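Going line by line, the protein sequences match chains F and G. Numbering follows the UniProt record's numbering, with no gaps: position 692 of the first sequence is 692. Numbering follows the UniProt record's numbering, with no gaps: position 123 of the second sequence is 123.
Don't read these hints as lab results, they were simulated from the structure. Misleading hints may appear alongside valid ones.
Any copy will do: because identical chains look the same in the list, a pair fits if it lies in one copy or spans two.
[Said to hold, decoys possible] No more than 25 Å apart at the CA atoms, straight line, and that leaves these computed lysine-lysine pairs for DSS-like: (1) Lys381 <-> Lys431; (2) Lys22 <-> Lys208; (3) Lys539 <-> Lys762; (4) Lys547 <-> Lys16; (5) Lys154 <-> Lys538; (6) Lys208 <-> Lys20; (7) Lys6 <-> Lys208; (8) Lys20 <-> Lys557; (9) Lys429 <-> Lys391; (10) Lys16 <-> Lys208; (11) Lys16 <-> Lys575; (12) Lys125 <-> Lys6; (13) Lys422 <-> Lys631; (14) Lys95 <-> Lys208; (15) Lys431 <-> Lys391; (16) Lys95 <-> Lys48; (17) Lys422 <-> Lys388; (18) Lys429 <-> Lys631; (19) Lys174 <-> Lys381.
None of these values were measured; they are calculated from a predicted model.
Listed below, chain by chain, are the residues.
There are 2 protein chains.
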Amino acid sequence: MNIIGKPLNRVDAYDKVTGKAKYTPDLVSPHALHAKVLHSTIANGWVKEFDLSEAWKVEGVVDIVTCFDVPDIQFPTAGHPWSTEPKHQDIADRKLLNARVRCYADDIAAVVAETEIAAEVAVRKIKVTYEEYTPILSIEDAMKEGATVIHEEKPNNVVVHSSYEIGSFEEAIKEKGLIKVVGDYETPIVTHCHIEPANSFAYMEDGKIVVVSSTQIPHIVRRVCSQALGVGFGTIRIVKPYIGGGFGNKQDALTEPLNAYLTTRVGGRPVRLAYTREETFACTRTRHAMKFHIESYIRPDGSFAARSIEAYSNQGAYASHAHALVANSVNGFRMMYPVGAIKGEAYTVYTNMPTAGAMRAYGIPQIGFALEAHVDDIVAKTGFDSIKIRKQNMMKLGFVDPVTTITCHSTGLEECIDKGEKYLSYTKKRKEYEKQDGPIRRGVGMAIFCYKTGVYPISLETSAVRMLLNQDGSLQVQMGATEIGQGADTVFAMMAAETVGLTMDKIHMVSKQDTDVTPYDTGAYASRQSYVSGLALKKTAETFKKKLLEFAGFMLKCDPWDLDIKENYIVHTNKDERLLSVAEVALESCYSMTNSQHISAEETHHCTDNTYSFGVCFVEVEVDIPMCQVKVLDIINVHDSGTILNHQTARGQVHGGMSMGLGYGLYERHLFDPKTGRMYNDNLLDYKLMTALDTPDLHADFVETYDPTGPYGNKSLGEPPTIPVAPAIRNAVLNATGVAINAIPLHPQRLFGAFTDAGLIK
Amino acid sequence: MNIIGKPLNRVDAYDKVTGKAKYTPDLVSPHALHAKVLHSTIANGWVKEFDLSEAWKVEGVVDIVTCFDVPDIQFPTAGHPWSTEPKHQDIADRKLLNARVRCYADDIAAVVAETEIAAEVAVRKIKVTYEEYTPILSIEDAMKEGATVIHEEKPNNVVVHSSYEIGSFEEAIKEKGLIKVVGDYETPIVTHCHIEPANSFAYMEDGKIVVVSSTQIPHIVRRVCSQALGVGFGTIRIVKPYIGGGFGNKQDALTEPLNAYLTTRVGGRPVRLAYTREETFACTRTRHAMKFHIESYIRPDGSFAARSIEAYSNQGAYASHAHALVANSVNGFRMMYPVGAIKGEAYTVYTNMPTAGAMRAYGIPQIGFALEAHVDDIVAKTGFDSIKIRKQNMMKLGFVDPVTTITCHSTGLEECIDKGEKYLSYTKKRKEYEKQDGPIRRGVGMAIFCYKTGVYPISLETSAVRMLLNQDGSLQVQMGATEIGQGADTVFAMMAAETVGLTMDKIHMVSKQDTDVTPYDTGAYASRQSYVSGLALKKTAETFKKKLLEFAGFMLKCDPWDLDIKENYIVHTNKDERLLSVAEVALESCYSMTNSQHISAEETHHCTDNTYSFGVCFVEVEVDIPMCQVKVLDIINVHDSGTILNHQTARGQVHGGMSMGLGYGLYERHLFDPKTGRMYNDNLLDYKLMTALDTPDLHADFVETYDPTGPYGNKSLGEPPTIPVAPAIRNAVLNATGVAINAIPLHPQRLFGAFTDAGLIK
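So that you can see chain F by itself, here it is in the shape it has in the complex (with noise of 0.2 Å):
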């Protein structure tokens, strides 16, 4: 390949660094509307009455508009693709605006004003009366007898139970000789924290409702926006401009079906929707607080025999991504160490706590914690070399998911262990730090993951991409897949110029999505488009290249199977003298007398593989017991995510997850008043985001397989850097310190008790 795996330099790097590339924001018309959003500040019960009348006194105070006025439709959010079946659908639980109240800052009335001042003023001027309920904000407590019922449809609270088993897990744990280890994990409510806040900006143009918004994926917000309103598809148009990044948050409707709705009660004049930063804390998606119990038997041999884990997803007010994420924890367990009997349980629970959506990995960093730190507990347990027993039960190549069906098509885990290993002296080390004493103690951990690429077959995976030839021999590549500040337009311009025979100067991505031309693609996330769109790009690259070709044979009077594309250039396959520039073909079939063909190409890849990502993270920490403090010291992730399509822009997916991880590890939660529910550190001074200053160097590695289902060898990447960090760290810990502590993060109160428990601090 020519261009694919070039460490090239961002397609959009000079347009954002300079200021021109265009966000939201930046496109709100000047004599837009301002709407603010009125949040409840009860967690739990109804909206029985408001009094508007100071609120409409504020002077430009256009609409008020409450949940007693909106739309009698319940919608889902979920930034899935949407299914004919009704039993594979999104649940459809939330209205524009809620009287029944289910958790703080529950959204229950909006006011459009001509400034923003005034829509704030005014917001704060109506006076609610609330009929009031306990908050649940635990998954114990929602799921106990009696307890208050959050939405009628789930008179338990439980949104989804699911449970699967592989082999007779009873029938396994029989077996003689076999040592248990049982473990109790669970993970924190995290937040995104995308520099851009929720935001977005509608109109009424064309008898449509446009919505122009900072999302990951244009076109399910316009079919959740036509269901919210109750009008056709069509009728709605979504325009995504660059966003400042979305981290799975953005994968769900968030402001934009309410903001669709305020634009109709102005009569199409244009309503600008901005959240705050505590706002788009508070009241957009968190990532699921999870909780896991997890049994294994292992072999003396190390094998596993049988494994088991029951997992309970805290799901908030709201289903959004509801059981997905999960089941995708309770898979991923399955699916790392595929061998012996083994069964899995998963609740996703309704409580009063902000609505759990998608967040960057979707259930694997849960799992990945508890599962790894599980493994490092059975080592600690039994003796066994922890990098052996990964090694000896983790997936292998060939492997058969017996649920999902996805297969293991390409893998390089063993060799992305070896490099960590090595790069850490790990095994040394490891050994060296079991024996300490003193307060200041070193550790080495490691965690591995598997990754699914995309979310074939539990979901629909589909891609259209269109391509149109430019009179310079140009072109214009068009796509539905979303550049969300991860790189995607550099990588799919790469794979249009290697595929078509263009050198990357000739590549203009058309890097805007408006569902009213944009080829429909389900969007980012799932770590799917490099895969699953850039199948879709080289399908359409490649009908592209043959359109081209058959007018230059045309023009060459020569069978357009003799010729091919090399750097900008037709030439005779497999030979070097340049025929004609694409740029004359370009020329002559937009402007010939007799055969004007303005050649472009649009195909659908309607994707029914998938494939496995791999990787690893090595970690070393000094922890500071008196102190009860963790420093990174050295730290590594290492991926098999497939051919690297860019290693620049690869290196840097790596260190945005592993940031993250960190994060993941040690410092980030939120917090919540326990008695109402509200969320005490809303803001970036309280939620402790890793800052530079927090941030050790970062190492980046790569063992690069060669898949055979990727478009070019590639496998996702976007996602799985977030998850090995958090349960390497934890597993450096004990490593250092002997002490195994089961949840995160690992803040100084948690390491205080868990220290003193364990009596290193007296």
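With chain F's structure known, arrange chain G on it following the hints.
Coordinates of chain G only, in the frame set by chain F:
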């Protein structure tokens, strides 16, 4: 046909009436810089030097660029498709700013500033030193031996000289008994008077120069900008929103090339270049003033034995569309009465007048006036019946033009004449009015015309269209053809509904063109779109329908060939029972778990056909001889434009064209200072455009033929209505007064001279 022909409301009516429709000024970034052009205060000469010192002192000035700074590239501006053959290419005779000044108000420098006022003030503070020559304002002066050369490439100031001869003119006039009639006719400089002045807005993004512009021809403007700046087509992006009229003025690159350059000077910051009404009058394009010398030889039976024409077209300072217009005039002369021997000769001549370009009906109103005045001069001299002589000699069905090969595939001209005659009781009144005296007299007049539909085979006719299925079964139609106020989107929507089998509410026109993603089409001119782009639309709609039925066949497990679409439902061909809704097909095609297909179609039509539209104007006037006033008492246009696609919008087209024809015949002309060449009446107070008070009731009628080459039997209608009005009025004045006036407009000064010469005023 179910939809074609219905008098439906315009699809953009609601948005235009409510102010929701977006025009270029609505899209200007609030932080845009403002550009102003410095126009020369001489008409002929050289800029020797600028003193910019005072201009630079104006606060807010960001850049000043002069004719000495711009790229040394000459480029063409005409809205023609490009040709890869140099001899068919438009004349590249101007730079972005010109040191060689060729007309009063030529573009010589520009200022970019933070505010419009700062730009305006700075422009006024620029001091210019000129070398000045005597302005050449007339064709006669320009063609004089030793005249100053305006463009060095054309040392005799003749842009192009062309001629043709059908049969042998010299042989033909030897025939015995021929009556010779000679006449000289003259038409004035007039302008388009579109509501929205020339304006654009340029910035850089994604490595491209983006120009949002009020243009009829976005794809051509893209090419012109790339030529003017010497950069690849693919690095220019033109966006065309709704526009407030064009009438041919915006079938030229106007502000766009300079604005594209200006944004590159300021690091890609957005720059607005909005011409005032005065600049739009004086610095964009005008209708060519032409002079004609016609000789006719008529047999005693009224048939034409030989005809000749000599035509001179005043091009003004730059070539723009150049000779294409007067060539169209002398071709029209030949086509209208294609009998006997015919010869034509035409000159397009550079002068120091404002640049003439395209304007509604492109040379045909000029020849229409001369020719139809001349036919009534023949009638006056010979006593033949004015209708009979026309019917006898005019183009008939099956006519093939010997020069262009354009064929008459349909004609309703004879019925048009009969309808108009009957409406006005023309023959009866004509006789009655022949012998009046007294100061106030009445007269009737008529004129006929033919007009070709599109530019094939003189130039390239090509169009591409894309259709995209929405998930609710509605349809996006994306075309390079442009809505310029003429109602194109409405008839295209009707065509799409008709051919696919949907109702009108299911058709969503993507009205805005964006050369990055919009299929190629040369744009709105030559009354080509409903014919040429209509054919491309029909072809695309058929492909789209085929794909839709294929998917429906897959769902219904039957042969798609047996299926059809009627009013949004899939039916068995020729049956009415509804098998499935298109919405169901759309939903399944998007979300099928086994066979998702994002149904779209994109087709090019390379058009190799053309045909003629026809029509007449009949008018009755009252002439106040002492006051030298002409009042129109009754007027009707009757058109054969094939199938009328939408009777309501067609009627609007005819009314608009008639209004323009009335102005052309009675009021409109530009006046110039004979010493400097400065336009006197560059505003809507002094330029006498028809107002509502000046306008009589306008009557429009149609004779519907079915043209076999049109997509739905339709032929051109956009430009024709303006053609026959002025000669019909002139002929009515002749009928009323016996005075043949061979120049328009028939303003009081002209009538005073003519009536005085004729002895009617003493």
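Hint-by-hint comparison with the structure:
Taking CA atoms no more than 25 Å apart as the test, Lys381 paired with Lys431 passes inside one copy only; the shortest distance there is 15 Å, against 121 Å between copies. When the C-alpha separation of Lys22 and Lys208 is checked against a cutoff of 25 Å, the pair qualifies both within a copy, at 23 Å, and between copies, at 14 Å. For a Cα distance limit of 25 Å, the shortest separation of Lys539 from Lys762 qualifies neither inside one copy, at 66 Å, nor across copies, at 85 Å. Taking CA atoms no more than 25 Å apart as the test, Lys547 paired with Lys16 passes in neither setting, with 34 Å inside one copy and 40 Å between copies.
Neither within a single protomer nor between protomers do Lys154 and Lys538 lie at most 25 Å apart by alpha-carbon distance, with minima of 45 Å and 52 Å respectively. For a Cα distance limit of 25 Å, the shortest separation of Lys208 from Lys20 across copies, 11 Å, qualifies, whereas the shortest one inside one copy, 28 Å, does not. Proximity of Lys6 and Lys208 under a CA criterion of 25 Å is satisfied inter-copy only: 24 Å between copies versus 43 Å inside one chain copy. Proximity of Lys20 to Lys557 under the C-alpha cut-off of 25 Å is found in neither arrangement, the shortest distances being 45 Å within a copy and 52 Å between copies.
In the homo-oligomer, the alpha carbons of Lys429 and Lys391 lie at most 25 Å apart inside one protomer (19 Å), although the nearest pairing across protomers, at 106 Å, exceeds that limit. Taking the shortest alpha-carbon separations for Lys16 and Lys208, only the inter-copy value of 14 Å comes in at or below 25 Å, while the best intra-copy value is 31 Å. Within a single copy, Lys16 and Lys575 get their C-alpha atoms no closer than 40 Å, and across copies no closer than 57 Å, so neither meets the 25 Å cut-off. In this assembly of identical chains, Lys125 and Lys6 lie within 25 Å of each other by CA distance neither inside one copy nor across copies; the values are 58 Å within and 53 Å between.
In this assembly of identical chains, the alpha carbons of Lys422 and Lys631 lie at most 25 Å apart only when taken from the same copy (21 Å versus 100 Å across copies). In this homomeric assembly, Lys95 and Lys208 come within 25 Å of each other (Cα to Cα) only inside a single copy, at 21 Å, whereas the closest approach across copies is 42 Å. Taking identical chains as interchangeable, the C-alpha atoms of Lys431 and Lys391 lie at most 25 Å apart only when both belong to the same chain, with a minimum of 19 Å there against 110 Å between chains. Taking identical chains as interchangeable, the C-alpha atoms of Lys95 and Lys48 lie at most 25 Å apart only when both belong to the same chain, with a minimum of 16 Å there against 71 Å between chains.
In this homomeric assembly, Lys422 and Lys388 come within 25 Å of each other (Cα to Cα) only inside a single copy, at 14 Å, whereas the closest approach across copies is 103 Å. Proximity of Lys429 to Lys631 under the C-alpha cut-off of 25 Å is restricted to the intra-copy arrangement: shortest distance 16 Å within a copy versus 106 Å between copies. In this assembly of identical chains, Lys174 and Lys381 lie within 25 Å of each other by CA distance solely inside one copy; the values are 20 Å within and 122 Å between copies.
Checked against the numbered hints listed earlier, the structure breaks hints 3, 4, 5, 8, 11, 12; every other hint is satisfied.
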